[in-house]
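First to last, the sequence lines map onto chains L and Y.
Counting along the first sequence from 1, when you hit position 249 you're at 249 in our numbering, and nothing is skipped either side.
Counting along the second sequence from 1, when you hit position 282 you're at 282 in our numbering, and nothing is skipped either side.
Treat each hint with caution, since some may be false.
[As the list claims (entries may be wrong)] Simulated pairs of lysine to any residue, SDA-like, Cα-Cα distance not exceeding 20 Å: (1) Lys-55(Y) - Asp-13(L); (2) Lys-103(L) - Thr-112(Y); (3) Lys-28(L) - Glu-4(Y); (4) Lys-173(L) - Ser-116(Y); (5) Lys-55(Y) - Leu-15(L); (6) Lys-123(Y) - Gln-49(L); (7) Lys-55(L) - Lys-157(Y); (8) Lys-157(Y) - Arg-256(Y); (9) Lys-55(L) - Glu-4(Y); (10) Lys-103(Y) - Lys-28(L); (11) Lys-55(Y) - Glu-10(L).
[Said to hold, decoys possible] Facing chain Y, according to a computed beta carbon distance under 7 Å, are these residues of chain L, among others: (12) Glu-10; (13) Gln-11; (14) Leu-15.
These are calculated hints, taken from the structure and not from any lab test.
Positions of the beta carbon are idealized from the N, C-alpha and C atoms, including for glycine.
Next come the chains, spelled out residue by residue.
There are 2 protein chains.
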Amino acid sequence: MSAELDRLREQIDQLNVRILESLNERAKLARAIGTLKVGQAYRPEREAQVLRRIKEQNQGPLSDETVALLFREIMSACLAIERPITVAYLGPKGTFSETAAMKHFGHAGVGTPTPSIDEVYRKVQSGEADFGVVPVENSTEGAVGRSLDLMPNTPLKVCGEVLIPIHHHLMSKGKRELASIPRVFSHSQSLAQCHEWLNANLPGAERIAVASNAEAARRAAEEPDTAAVAGEAAALHYGLDVLSSNIEDEPNNTTRFLVLGDYEPMPSGKDKTSLVLSANNRAGAVYEMLTPFATRGVSMTKFESRPSRVALWDYLFFVDIEGHRDDANVAAALAEVGKIAGYIKVLGSYPAAVL
Amino acid sequence: MSAELDRLREQIDQLNVRILESLNERAKLARAIGTLKVGQAYRPEREAQVLRRIKEQNQGPLSDETVALLFREIMSACLAIERPITVAYLGPKGTFSETAAMKHFGHAGVGTPTPSIDEVYRKVQSGEADFGVVPVENSTEGAVGRSLDLMPNTPLKVCGEVLIPIHHHLMSKGKRELASIPRVFSHSQSLAQCHEWLNANLPGAERIAVASNAEAARRAAEEPDTAAVAGEAAALHYGLDVLSSNIEDEPNNTTRFLVLGDYEPMPSGKDKTSLVLSANNRAGAVYEMLTPFATRGVSMTKFESRPSRVALWDYLFFVDIEGHRDDANVAAALAEVGKIAGYIKVLGSYPAAVL
């Protein structure tokens with residue numbers, strides 16, 4: 001048995017050498033591409049293509065997810081030889097935004113925790129950071145709205161998206177019976193995400209929306225008998241007991257982040273395009289404005305309205321469609337929408353999230 | 001130029017396939033070793049040997065540090081096929097303890113933020129976590145003493161060490177002249193680590209030791225004119241301006257963590273051994289107790305005394321020596337020390353930190 005162990009270890013050692021040589025050879029090639037000076041070294045569309053191919057070619061036993069994550073780290077390390085990519089995200093350390101930044105740029109990227117969404121935009125616009133990562137959907141860190149409101153006026157482009165799974169737990173100060181809890185605090189997004197579970201398990205409890213899940217946990221820590229819906233970190237920080245785990249109705253509950261930078265990715269083969277639109281305030285205007293997408297066979301993956309802070313328009317519509325702005329059908333649809341909409345801004349075309 | 005770019009990318013794609021195949025083959029071998037059932041799958045001494053060899057064999061352009069980090073991730077991913085390693089660390093997320101846990105076990109390990117050092121020990125002892133990571137030297141998270149005090153009574157073994165570089169900054173609410181600052185708050189460890197810099201730059205300021213660097217930042221945020229010495233995360237969390245960065249006297253300022261588990265690593269070729277000793281309270285007793293190390297040529301890398309909570313002894317001495325307890329000279333020295341010391345406990349022999 002020990003001889004067999006030695007034999008297997010010997011084989012692993014030989015493989016390690018081969019992997020090491022391949023990694024360094026890869027780094028040399030990446031550097032050679034860098035010296036060609038064809039635009040910037042980090043090409044999100046190319047990374048997305050590489051990761052998709054890796055997942056297709058993977059035969060296991062490593063999972064598709066695992067090999068993609070390892071290659072993200074390898075690409076991140078190769079890029080960092082010249083200069084590591086700097087990424088501003090909504091801090092402090094430990095937030096989902098940090099997780100998103102590292103998932104997208106790998107751990108050879110340099111993350112900069114930043115105190116506000118506005119400051120993330122500012123750092124990227126001033127060149128202090130190469131890219132910024134901001135939450136745009138389903139976040140319970142209370143920053144989604146601000147991320148969107150800053151989009152119409154920024155010169156930055158959306159050049160990527162990141163999806164992070166989110167779990168919610170019911171927690172309180174000390175263990176208690178669910179039936180005995182009169183009030184539950186949480187961010188409105190989280191309450192909505194756990195709606196069914198709360199109906200079934202805490203039908204009599206009052207639900208109180210507060211500014212953030214951290215604030216909810218703080219309230220639950222101060223007011224005996226109450227509970228909060230929040231993440232693991234909040235339970236730990238406020239010394240609460242988790243009464244029930246993973247109570248979100250949708251098991252694939254994710255927060256979506258966008259990557260902002262001074263860069264427009266080329267088509268990767270599977271892209272999305274984000275835009276902001278505004279319509280005149282009359283019946284049927286919105287429907288009319290979206291018709292070109294339907295007639296050109298362009299799928300819409302998101303449609304969200306927000307009160308406008310831009311003069312003239314009452315509402316802005318944040319729309320995501322499938323495809324790249326350079327794709328023929330997308331280009332044609334955008335041209336037509338542009339004629340109908342009062343205001344249109346293409347925020348960017350970028351590879352759909354691979355990981 | 002575009003043809004050259006295509007050619008280089010084609011080469012990278014081919015290399016990617018080769019790396020992918022090697023990674024999966026490596027995972028298969030690791031799994032084969034797992035089925036031999038020769039003790040547990042995670043072998044820190046073997047990992048240390050592999051990482052040292054990788055650093056020796058590395059020809060660049062990737063740095064030794066980078067290839068070692070990539071291989072840590074590869075080993076972590078291969079191990080996780082069977083079952084990911086779970087690691088309890090002093091939370092919340094975002095602490096240096098989390099950084100240490102991920103640096104040592106790779107991101108395929110599952111980190112569990114844990115509210116106290118006592119709880120880290122408890123989780124590992126109960127089998128809820130495979131390993132625990134606790135700060136033991138130079139930490140400003142205020143937990144070093146407790147980590148040590150729990151060592152004499154735990155059945156766990158020390159099976160690894162992790163070193164994390166630490167940087168300190170001077171910060172205050174709003175920008176201000178250094179000369180105008182009357183008081184500086186910080187943890188006593190941090191004040192000591194920035195002693196020279198404070199002497200040179202804030203000679204007139206009173207230095208006030210508080211419970212943690214986070215607490216120092218909070219005080220500086222509340223009391224105008226004052227400043228704090230703390231890390232980047234604290235500046236961000238309390239909205240302070242960094243007046244001066246990296247003010248630690250010793251540029252290689254690190255916090256040291258130990259890895260605890262129900263496992264005794266075999267010799268890796270470059271090991272350390274941690275022990276707790278106690279001597280009778282009489283002049284010369286400590287010197288006498290340590291003599292066997294000197295005569296046997298065993299280097300001591302750490303010697304720290306703490307008030308004892310164990311009956312009979314006034315002080316406990318935490319000692320680290322170079323070498324493994326199975327090394328002939330170490331074994332002989334330990335046997336002799338054991339006869340002289342009032343109390344001796346070998347906490348563990350483990351590979352010296354590679355990363």
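Okay, the hints, checked on the actual structure:
1. Lys-55(Y) - Asp-13(L): OK: Lys-55(Y) and Asp-13(L) at ~13 Å, within 20 Å.
2. Lys-103(L) - Thr-112(Y): holds, 19 Å
3. Lys-28(L) - Glu-4(Y): Holds, at about 14 Å.
4. Lys-173(L) - Ser-116(Y): Holds - the C-alpha atoms of Ser-116(Y) and Lys-173(L) are around 17 Å apart, at most 20 Å.
5. Lys-55(Y) - Leu-15(L): Between Lys-55(Y) and Leu-15(L) the Cα gap is close to 15 Å, so the pair holds against 20 Å.
6. Lys-123(Y) - Gln-49(L): violated, 42 Å
7. Lys-55(L) - Lys-157(Y): violated, 40 Å
8. Lys-157(Y) - Arg-256(Y): Answer holds: Lys-157(Y) to Arg-256(Y) is near 16 Å, not above 20 Å.
9. Lys-55(L) - Glu-4(Y): Roughly 26 Å between the alpha carbons, so the hint for Lys-55(L) and Glu-4(Y) is violated.
10. Lys-103(Y) - Lys-28(L): violated, 26 Å
11. Lys-55(Y) - Glu-10(L): Between Lys-55(Y) and Glu-10(L) the Cα gap is close to 18 Å, so the pair holds against 20 Å.
12. Glu-10: At about 10 Å, which exceeds the 7 Å cut-off, the nearest Cβ of chain Y leaves the hint on Glu-10(L) violated.
13. Gln-11: Holds: closest Cβ of chain Y sits about 5 Å from Gln-11(L), inside 7 Å.
14. Leu-15: holds, 5 Å
Violated hints, in rising order: 6, 7, 9, 10, 12; the structure is consistent with all others.
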